[in-house]
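Asker: As a plain string of letters, each chain reads:
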Amino acid sequence: MRRPATWRRVAVVVLGVCLVAAGGLSVGAARRRAATVALAQLVEAAEARADLLEGRGALDEAARALDEALTGPWPAAVDPAVGRPLRAALLGRWARLRLDAGDPDVRAAVRRRIEAHLEARGADGGDEDAFTARLYAILGEIYEAEGRDDEALAAYQTALAMNRALLERLLEDDAQVP
Amino acid sequence: MHEPSSPPPSRPTPDALSASWEEDLRRGQAACGERGSVEDELAAVRLLRHAAAAPALDDETAGRVFEAVLAEVRPRRVRWRLPLWIGGLAGAAAALALFVVLRPEGGSSPADATAARASSPAVPAPAEPDAAGTAAVLEAQFAQLVPVERARLARRVTAARRGLLRAWVGDLRDESRGRVP
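Line by line, the protein sequences are chains A and B.
Following the working numbering from start to finish, the first sequence increments by one per residue and tops out at 190.
Following the working numbering from start to finish, the second sequence increments by one per residue and tops out at 171.
Simulated from the structure, these hints should not be mistaken for laboratory data.
Cβ atoms here follow ideal geometry from the backbone N, Cα and C, with glycine treated the same way.
Some hints here could point you the wrong way.
Among chain A residues calculated to face chain B with C-beta under 7 Å, some are [claimed, not checked]:
(1) V32
(2) A42
(3) T48
(4) L64
(5) A142
(6) R146
Computed far set for chain A versus chain B, every beta-carbon distance over 12 Å [as the list claims (entries may be wrong)]:
(7) V25
(8) R44
(9) L71
(10) G114
(11) D115
(12) P116
(13) D117
(14) V118
(15) R119
(16) A120
(17) A121
(18) R124
(19) H129
(20) A132
(21) E153
(22) A187
Turn these sequences into a full structure, and let the hints steer you where they fit.
Answerer: Listed below in structure tokens is the structure:
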């Protein structure tokens, strides 16, 4: 006779847990959306500023504008499918600007920063994207310039493999469009 | 010799940021015998003039504008307030769970859930990069892929923005319903 009461208790607990989980998921989703939109705005403004400065030939200042966006506060709880590529996009552009300035002292700093970014990405298990592939390509260039041929080859291979996967995916998507 | 068909030389229209708009408005206001702020009219004139021909910003002004924009979009620490009912429910659920688990005749044993994640990283097919031109090839591929990547990101951001707008509109609707007597 006690069975129905036990089941009722269990049902109440399950219901309560489900409600709490649903509430938590809803708050988490709203937080993630807000952070994603905020990050996109931040990156858009930083890139527009860099465009303007680059157009005027102020390459150092353009690099500094990108650097400020990279080193400043980064919204937490961002959708990783947006956050990772956007960070890689800013970092790649910053690295290209710094390397094209032709200062050999800067090369090691750029390499360290890209390596740190890629290590962090590896720990998170990020997906492939064109901006990350570019980072590997730039890293390959730096290794090559430093005479580290094996590492350069490995970085180039990673970039090529990523780009190949992305291009194949693009072709598949095109083929699916009637 | 002046050609009769050519139009008379006209005074160049000042750009949106020119101070002459405010002076003209003040003059017009004085001519009508009025007083007070012309900020609203000035804002409208500047907006229309800017839409017709955006002025080229000098370095200092552009820097100021971008500083203002970045100050607005830079993330701040936001205190997320958990709705009270969720806190209440969490407390109730925790109390009930404790009651069920700790009671003496509670025979249910928690089942162990083990999630085995088979991590099988995709092994990239070996490429044979030629170090000499690889960087150029990669840069060309990047140029080809960037628009696609940006479009994909834009879609995700737009979806997030729409979700936020829907939530805000819902909140506003609830709020306005609550205010209606």
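Asker: Checking each numbered hint in turn, tell me which of them this model violates, lowest number first.
Answerer: 7, 8, 21
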